[in-house]
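Enquirer: In case you want the letters, here they are:
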Amino acid sequence: MADPAISVEGVSKIYRIGLRDQVNDSIGRSLLQFVKSPLSNYRKYRSLYKFSDEVLSGADAGDDILWALRDVSFDVQQGEVVGIIGVNGAGKSTLLKVISRITPPTKGKITIRGRVSSLLEVGTGFHPELTGRENVYLNGTILGMRKLEVDRKFDEIIEFSGVEKFLDTPVKRYSMGMRVRLAFAVAAHLEPEILIIDEVLAVGDAEFQKKCLNKMEDVGQEGRTVLFVSHNMAAVTRLCNRGILLSAGSILEDGNTHAIVSSYLTSGLGTTAARDWSASEAPGDDSVRLRALRVVDQQGSVSEGVDIRKKVGLQMEFDVLEPGHILLPYFRLTNEEGVSIFSTIDQDLQWHSKTREPGRYVSTAWVPENLLSEGMIYVQAAMRTEHRKYRPFQEADAIAFNVIDTMEGGSARGEWVGKLLGAVRPKLDWTTDYSAEVDTPGG
Amino acid sequence: MSETHTDKRVTVLTSESGWALFDFDELRQYRDLFYFLVWRDIKVLYAQTILGFAWAILNPAVQIVIFSVIFGKVANLDTGGVPYVLFSTVAIIPWTYMSDSMTAASASLVSGKQLLGKIYFPRVLFPLTPILAKLVDFSISVSILILVMFYYQVTPTWNLVLIPGLILAMMLVPTGIGMWLAALAIRYRDVKFAMTYMIKLLIYSAPILYSASAIPENLRFWYSLNPIVAVIEGFRAALLGGPIEYEFIVPGLLVSVLIFLSGAIYFRRMERVFVDVI
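Respectively, the protein sequence lines represent chains A and B.
All you need for the numbering used here is the position in the first sequence, starting with 1, plus 748.
All you need for the numbering used here is the position in the second sequence, starting with 1, plus 15.
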């Protein structure tokens, strides 16, 4: 077999994360620290990339040491299309940055055979003052093309982007969508031997995304080696013939894409979409105990990534051990910024004002489609009762799930591809009144 | 298949940084990008201005007027019989280039950090870009120089043949200092604050506003180690004729080569960790 296109051997990447500064309780000490600060600042900045042998060997696992990658090894053969998946913070982006030479490995060795282009962002180096035409050349050469190559593909790029009319307009006057189209068009026409892509498909409208996916599929079939990071599992399964699952900086699984993706989706890595408690550990008291929490889809199976256009069920499984209480299962949803989105409490009329007999209960609260915003949602689960102060259990951030807008249309985004702020994202009915008559100013 | 395989570029990435000066092979591969980066800097500099490239003339012209009034008329400095406007113009034109390109090169990594974290290309292109881009301003401002020389009816001498070499030296100084400061500035933003003083210090320490012959005999050697002295004195001798004072020119040139080489090595030693220390 030929030499692999990419060979990663025992690669680790260590970062030093900021620790809280010491707080002084006296003016004298503060003064002393102020005087000493240039020296300590120097040490601090130096320590960002210098690590002692103790740290490197793993013996010193200080609070400020973060192993973004730990002893990662794999080979990618020429022509393989490999998808790298994992939760946020698993080390996917760091791995791509190390392979694309943006940052050096702290330990280990990477051998690359062939010309690499990496696409960690769409439109890297776009300059707002330059025209579309000029930016195609600038961006193309930044991504590793030669001028001749850009010349040759220029018409194709422009046609793909669909911004012909605005070629000589400065990019600062482009809409977000146009900019993304132009940038992706350049990227899509790269012809390196090895292509490294990070999550760039998460932009653009649905139609354009489809176009990009098709283009990417072609790239894969041309025998190019591709490393691809995405949260879009559909795209990963469609494009890649091999998957690598990263967790906490290490490779957890490496193999067939379908197997990897399904084990990623069911394992509920990092943030768990499902939790079970054994009878002895179960939160609660002698009357009620919490046994399980789950985020489920409409078919009832646990799902960590939730399509924004689908209903999602929050499920609480609990044992009633003592009769005689009116029980009110309760959930509270919080987003990544810590904003409470809403709380919800049992609405099942069948159990309204009724005391519960001992036994196993499963309550499910259905969150409607097109209500939550994109991003992580953390769920607090609690049991409330008819007495305001009696709560048998309350579990903060017990489970979590990720709301994903696949940009295939049908979400509250409509045709918008940019940021959409707000803790909720309901899809509202919009109406338009139109009349051809316009009041002209001054007339 | 195997034939095409053998000529593939092999890149090995480890945690070690080398001691090499430049990777010329790689620089050649990226020469088109270098061209477009320079071209971008030139295009963007005067974007959305009314005067456009006229600013390249206006900036040094205003300086020349101010200096001529303050130092020529008020302080009445000795210029060895040369009219002060002429005396200062031949120095201010190369000086403006050097200070502009030095400032831009030093800030190049910090201002390009967006790009730094997203894509790889030879990092040294960051400080090298302004060195070339500012040559456009320089060429435009040379017209002032020609105008002033024409006005004072300076007859060119054979000294003019030194000009190409002097222009190279004029580029070498900010390249060396720029590589040093850019690599330092990305780790220590102190450089940004120190830069303002350094430029001021340089303009007074170099013989821009006064003549180098005003320096006392016993200090001349130390004075001549300043590479800017070499460039300015060189330009003055080449343009205005008169004796070429090698004692002021040679030591400074040697120092500037030294700064350039050490700057290139230091930059290359540090370039791999730039992203981690931003």
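Please note that a few of the clues may not be correct.
Dumping the calculated PhoX-like pairs for lysine-lysine here, alpha-carbon to alpha-carbon at most 25 Å [what the hints assert, rightly or not]:
#1 A:K913 with B:K207
#2 B:K58 with A:K920
#3 A:K913 with A:K901
#4 B:K58 with A:K895
#5 B:K128 with A:K1167
#6 B:K23 with A:K895
#7 A:K784 with B:K207
#8 A:K895 with B:K207
#9 A:K855 with B:K133
#10 B:K58 with A:K792
#11 A:K920 with B:K128
#12 B:K133 with A:K963
#13 A:K901 with B:K128
#14 A:K792 with B:K23
#15 A:K798 with B:K207
#16 B:K88 with A:K798
#17 A:K1102 with A:K920
#18 B:K207 with A:K857
#19 A:K901 with B:K207
Pair ranges (Cβ atoms, derived) [to be verified]:
#20 B:L66 with A:G1166: 33 to 43 Å
#21 A:D899 with B:W173: 39 to 49 Å
#22 B:W173 with A:K913: 22 to 32 Å
#23 A:G1158 with B:I65: 41 to 51 Å
#24 A:F1090 with B:L66: 56 to 66 Å
#25 A:S774 with B:Q129: 16 to 26 Å
#26 A:E757 with B:D40: 42 to 52 Å
#27 A:E757 with B:Q129: 26 to 36 Å
#28 B:L73 with A:P1174: 55 to 65 Å
#29 A:R900 with B:F39: 39 to 49 Å
Keep in mind that the hints were calculated from the coordinates and are not lab data.
Predicted, not measured: the structure shown is a model, and the values here were computed from it.
Note that the Cβ used here is the ideal one computed from N, Cα and C, for glycine as well.
Enquirer: If a hint holds in the structure, say so; if it doesn't, say that too.
Expert: Checked hints:
A distance of roughly 42 Å separates the Cα atoms of K913 (chain A) and K207 (chain B); the hinted pair therefore is violated under the 25 Å criterion. Taking the CA atoms of K58 (chain B) and K920 (chain A), the gap is near 15 Å; set against the 25 Å cutoff, the hint holds. A C-alpha spacing of about 18 Å is found between K913 (chain A) and K901 (chain A), which places the hinted pair at or below 25 Å, so the restraint holds. For the given pair, K58 (chain B) sits about 18 Å from K895 (chain A) by alpha-carbon distance, which is consistent with the 25 Å threshold.
With a C-alpha separation of about 23 Å, the suggested pairing of K128 (chain B) with K1167 (chain A) holds against the 25 Å cut-off. A threshold of 25 Å between alpha carbons decides the hint, and for K23 (chain B) with K895 (chain A) the separation of about 21 Å falls inside it, so the pair holds. For the proposed pair K784 (chain A) and K207 (chain B), the alpha carbon gap of about 22 Å is at most 25 Å, so the pair holds. Straight-line distance between C-alpha atoms of K895 (chain A) and K207 (chain B) comes to about 35 Å, which puts the hinted pair past the 25 Å bound.
As the CA atoms of K855 (chain A) and K133 (chain B) are separated by approximately 21 Å, the hinted pair is consistent with the 25 Å bound. A threshold of 25 Å between alpha carbons decides the hint, and for K58 (chain B) with K792 (chain A) the separation of about 39 Å lies outside it, so the pair is violated. Using a Cα cut-off of 25 Å, the hinted pair K920 (chain A) and K128 (chain B) holds, with the two alpha carbons roughly 20 Å apart. A distance of roughly 22 Å separates the Cα atoms of K133 (chain B) and K963 (chain A); the hinted pair therefore holds under the 25 Å criterion.
In summary, the hint linking K901 (chain A) to K128 (chain B) is not supported, as the alpha carbons are separated by about 29 Å, beyond the 25 Å threshold. A distance of roughly 41 Å separates the Cα atoms of K792 (chain A) and K23 (chain B); the hinted pair therefore is violated under the 25 Å criterion. Pair hint K798 (chain A) plus K207 (chain B) holds up; C-alpha atoms about 24 Å apart against a cutoff of 25 Å. The hinted pair formed by K88 (chain B) and K798 (chain A) fails the criterion: a straight-line CA distance of about 56 Å is larger than 25 Å.
Distance restraint check for K1102 (chain A) and K920 (chain A): the Cα-Cα separation of roughly 63 Å exceeds the 25 Å cut-off, and the hinted pair is therefore not satisfied. Taking the CA atoms of K207 (chain B) and K857 (chain A), the gap is about 35 Å. The hint is violated against a cut of 25 Å. Pair hint K901 (chain A) plus K207 (chain B) does not hold up; C-alpha atoms about 41 Å apart against a cutoff of 25 Å. Checking the proposed 33 to 43 Å range against L66 (chain B) and G1166 (chain A) shows it holds: the Cβ atoms sit about 36 Å from each other.
Hint check: D899 (chain A) to W173 (chain B), Cβ distance near 45 Å, so the stated range 39 to 49 Å holds. Our hint of 22 to 32 Å for W173 (chain B) and K913 (chain A) is violated, since their Cβ atoms are close to 58 Å apart. As the Cβ distance of G1158 (chain A) to I65 (chain B) is approximately 49 Å, the hint placing it in 41 to 51 Å holds. At roughly 58 Å, the beta-carbon separation of F1090 (chain A) and L66 (chain B) lies within the given 56 to 66 Å, and the hint holds.
Between S774 (chain A) and Q129 (chain B), the C-beta spacing of about 42 Å breaks the proposed range 16 to 26 Å. The supplied range of 42 to 52 Å is broken by E757 (chain A) and D40 (chain B), whose beta-carbon atoms lie about 24 Å from each other. Roughly 31 Å separates the CB atoms of E757 (chain A) and Q129 (chain B), a value that falls within the hinted 26 to 36 Å. At about 57 Å, the CB distance of L73 (chain B) to P1174 (chain A) agrees with the hint of 55 to 65 Å.
Checked against the hint of 39 to 49 Å, the pair R900 (chain A) and F39 (chain B) fails, with Cβ atoms roughly 26 Å apart.
Of the numbered hints stated above, those contradicted by the structure are hints 1, 8, 10, 13, 14, 16, 17, 18, 19, 22, 25, 26, 29, listed in ascending order.
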